[in-house]
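Visitor: In case you want the letters, here they are:
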Amino acid sequence: MKSTKYSEKVLDHFRNPRNVGTLEGDDVAVGKVGNPTCGDIMEVFIRIDGDVITDAKFRTFGCGSAIATTSMTTEMVKGMTLDEAMELTRQDVADELDGLPPIKMHCSNLAADALHEAIKSYRKGRGEDVPEENEKVKEEVECLIGKDEFLNKGLYLNVEDINEFKDRRTLILYSGDESVETAINISEVSERVILLTPDETLVLNPDLAEKLASSGVKVLYQSKLLEIRGEFEVEKVLIFNIDEDEDYELFVDAVVIIE
Amino acid sequence: MKQVYLDYQSAKPVDLKVMEGMMKYFHESFGNPSSLHHVGDVATDALEESRKKIAGFINADEDEIIFTSGATEAINLGIIGYALRNKKKGNHIIISEIEHISIHNIAKYLEREGFTISKVPVDQFGKVSLRKLEQRITDKTILISIGMASNEIGTIQPTSEIGKLAAEKGIAFHTDAVAAEGLVPIDVKKDNINLMALSSNDLYGPRGVGVMYMQKKYRVNPIIIGGGQERGFRSGSEDIPGIVGMRFAAEIMQKEMNTEIKRFQEYRDRMIKQVLDEVPDSHLNGHPKDRLASNAHFRFDGIEGESILLSFKDLGISVSTGSACTSKTLEPSHTLIATGLLHEEAHGSLQLTAGRFSTDDDIDIVLEAVPKVVSRLRELSPIYKTK
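Going down the list, the protein sequences come from chains A and B.
Residue numbering for the first sequence follows numbering that gives the first Met the number 0, beginning at 0 and increasing consecutively.
Residue numbering for the second sequence follows numbering that gives the first Met the number 0, beginning at 0 and increasing consecutively.
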């Protein structure tokens, strides 16, 4: 089966997704699964009255089946009790859509998981006992591989001449205001400047935050630099995404670490 | 609904004039060039005339053209055939990070056979750095294979400079010219090309036919063994209708190319300007200037390529994407990643490639659709936030 060969029902939910949007209030719970790296992110919002789901909404970034499965899930859960909704599986959603191409069963059918996340967070919020599965212990990675090797070969510990970065894809590690200012300055001569921080947000004075937001600098949150790679000079880096607990390579030409 | 096709990089319709030229060779002049009778001689004449015309198209000599079953076979024969024949000289081969997937897979195969493969990185526009290429050359390097242009983002490589460098270092230079043929003039002598792959369909000829160009004094080991056709480099009775088709396609291309390139450039530049102007947070992938005349390649923040493609499908528009969700492996395009994109950025790509039968109307229809499709999908998206 072709990966884009979908049933009429899938196509209908893709073209006319039901329940797009968000919900707010004390009786609302949110579940979010997926990550942009694998190509799908789904957010499911449910409103709960007593033990029954009275309303559901969603937002999805992803391919056709990702959009259709989230849409279908929100349709299916309305009126269900929380226990019933916990029983809803990916397969149930796929069946209701008259099937999905096998290759899409896993990655694009996470909507049921998002729903379960929402229910768990609701129950946790009410002090109920929720069994935790797969709570990962995240390792702290402190040691950066390649730092000595690439010094003066694309790795900079300070920036004197901005023009050296002209049209070079540059990665800067966040280490305070100076690193943010440097990133903004380099973005004047290079389209591709990435600022890396292990934190969820950057705490900056409003003036600098404003400048950063209107610059071309791309900020990667919850990310750590693990390794600098290249045959003779900086060519790529290995980045660890703390939130997703996974690493990936990114092609760059220069790395700036201001200590 | 009017159907609009802007995916010429994936497949091209066979030109009707090419089909007319081929017809005779299915039934009337059906002979086998290996036969010594008159019917066989007619086939031999058709084969050799085709060889001559196709050689002329790339400024090669007739005896440097070997017909294959398509570009994939030509690439296999050029790279694997050359590597196996020359493994006593060295076991190191250099390719680029943005070669067509078939070359990456051939490289993996050769690694299992004991060869070492180096990949040259590209800059943010997809261009191979000559300096980084030169850094990778060792005394064990026997072959450099770098495609003339990217089949995805359309970036044109400095082929002439690469050929010159390879010649100076005494290393064979293979180039996959499939994305470039018909859109970039090819001159194997001027560009110091020793081995090259061409496809017939990319010239609006039939599929199932290709050419491996092999410069005199260069030799490969055959990978298909049989009756010794094509001087033993590629056995199997020649597909005369297909080969004749490729010949007519090359002849038409030679005449039309300059006019076509100008027309495609107008389409391309109009698409690039209008999409970047009208769609917020949209970006051009590939090189701003050195790109194939037919290629416009975009990415849009916050949305995913397969859903773009499906939305266009509903509007009767056929386009391509570099998204993982349409690939066999669920990995995003290695080409986009090599230009320095993050996975989530590579997912939101749209590739528009025009061709011989594209019209101004087609471009208008697509340009009207793009902003609408993008904004609808962004409304659904949790990761797109208006700034």
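Treat the hints with care, as some may be off.
Pairwise CB distance ranges (calculated) [claimed, not checked]:
| # | chain 1 | residue 1 | chain 2 | residue 2 | range |
| --- | --- | --- | --- | --- | --- |
| 1 | A | E148 | B | K261 | 15 to 25 Å |
| 2 | A | E148 | B | K216 | 39 to 49 Å |
| 3 | A | L10 | B | D40 | 35 to 45 Å |
| 4 | B | K272 | A | M85 | 23 to 33 Å |
| 5 | A | N15 | B | K384 | 16 to 26 Å |
| 6 | B | L314 | A | E243 | 50 to 60 Å |
| 7 | B | H26 | A | D91 | 38 to 48 Å |
| 8 | A | E230 | B | P12 | 42 to 52 Å |
| 9 | A | E7 | B | R230 | 24 to 34 Å |
| 10 | B | K216 | A | F231 | 28 to 38 Å |
| 11 | B | D360 | A | G49 | 26 to 36 Å |
| 12 | A | E148 | B | P12 | 48 to 58 Å |
Since the hints were derived computationally from the structure, they do not count as laboratory data.
All C-beta atoms, glycine included, are put in the ideal place defined by N, C-alpha and C.
Visitor: Can you tell me whether the CB distance of A:E148 to B:K216 sits inside 39 to 49 Å?
Guide: holds, 41 Å
Visitor: Note whether the CB distance of B:K216 and A:F231 lies within 28 to 38 Å or breaks it.
Guide: holds, 32 Å
Visitor: Could you say whether the range 50 to 60 Å given as a hint is met by the Cβ separation of B:L314 and A:E243?
Guide: violated, 34 Å
Visitor: Using the C-beta atoms of A:L10 and B:D40, is the stated range 35 to 45 Å upheld?
Guide: violated, 56 Å
Visitor: Given the hint of 16 to 26 Å, check if A:N15 and B:K384 actually sit that far apart at their C-beta atoms.
Guide: holds, 24 Å
Visitor: I want to verify a distance hint. Is the separation of the beta carbons of A:E7 and B:R230 within 24 to 34 Å?
Guide: violated, 54 Å
Visitor: Cβ-Cβ distance between B:D360 and A:G49: within 26 to 36 Å?
Guide: Since B:D360 and A:G49 have Cβ atoms about 58 Å apart, the given range 26 to 36 Å is violated.
Visitor: Cβ-Cβ distance between B:K272 and A:M85: within 23 to 33 Å?
Guide: violated, 52 Å
Visitor: Between A:E148 and B:K261, does the beta-carbon spacing fit 15 to 25 Å?
Guide: violated, 49 Å
Visitor: Return holds or violated for the Cβ distance of A:E230 and B:P12 against the range 42 to 52 Å.
Guide: Holds: the Cβ-Cβ distance is about 43 Å, inside 42 to 52 Å.
Visitor: Could one say that the CB atoms of B:H26 and A:D91 fall in the range 38 to 48 Å?
Guide: Violated, since B:H26 and A:D91 (Cβ atoms, about 57 Å apart) do not stay within the stated range.
Visitor: Note whether the CB distance of A:E148 and B:P12 lies within 48 to 58 Å or breaks it.
Guide: holds, 52 Å
Hints 1, 3, 4, 6, 7, 9 and 11 from the earlier list are contradicted by this structure; the remaining hints agree with it.
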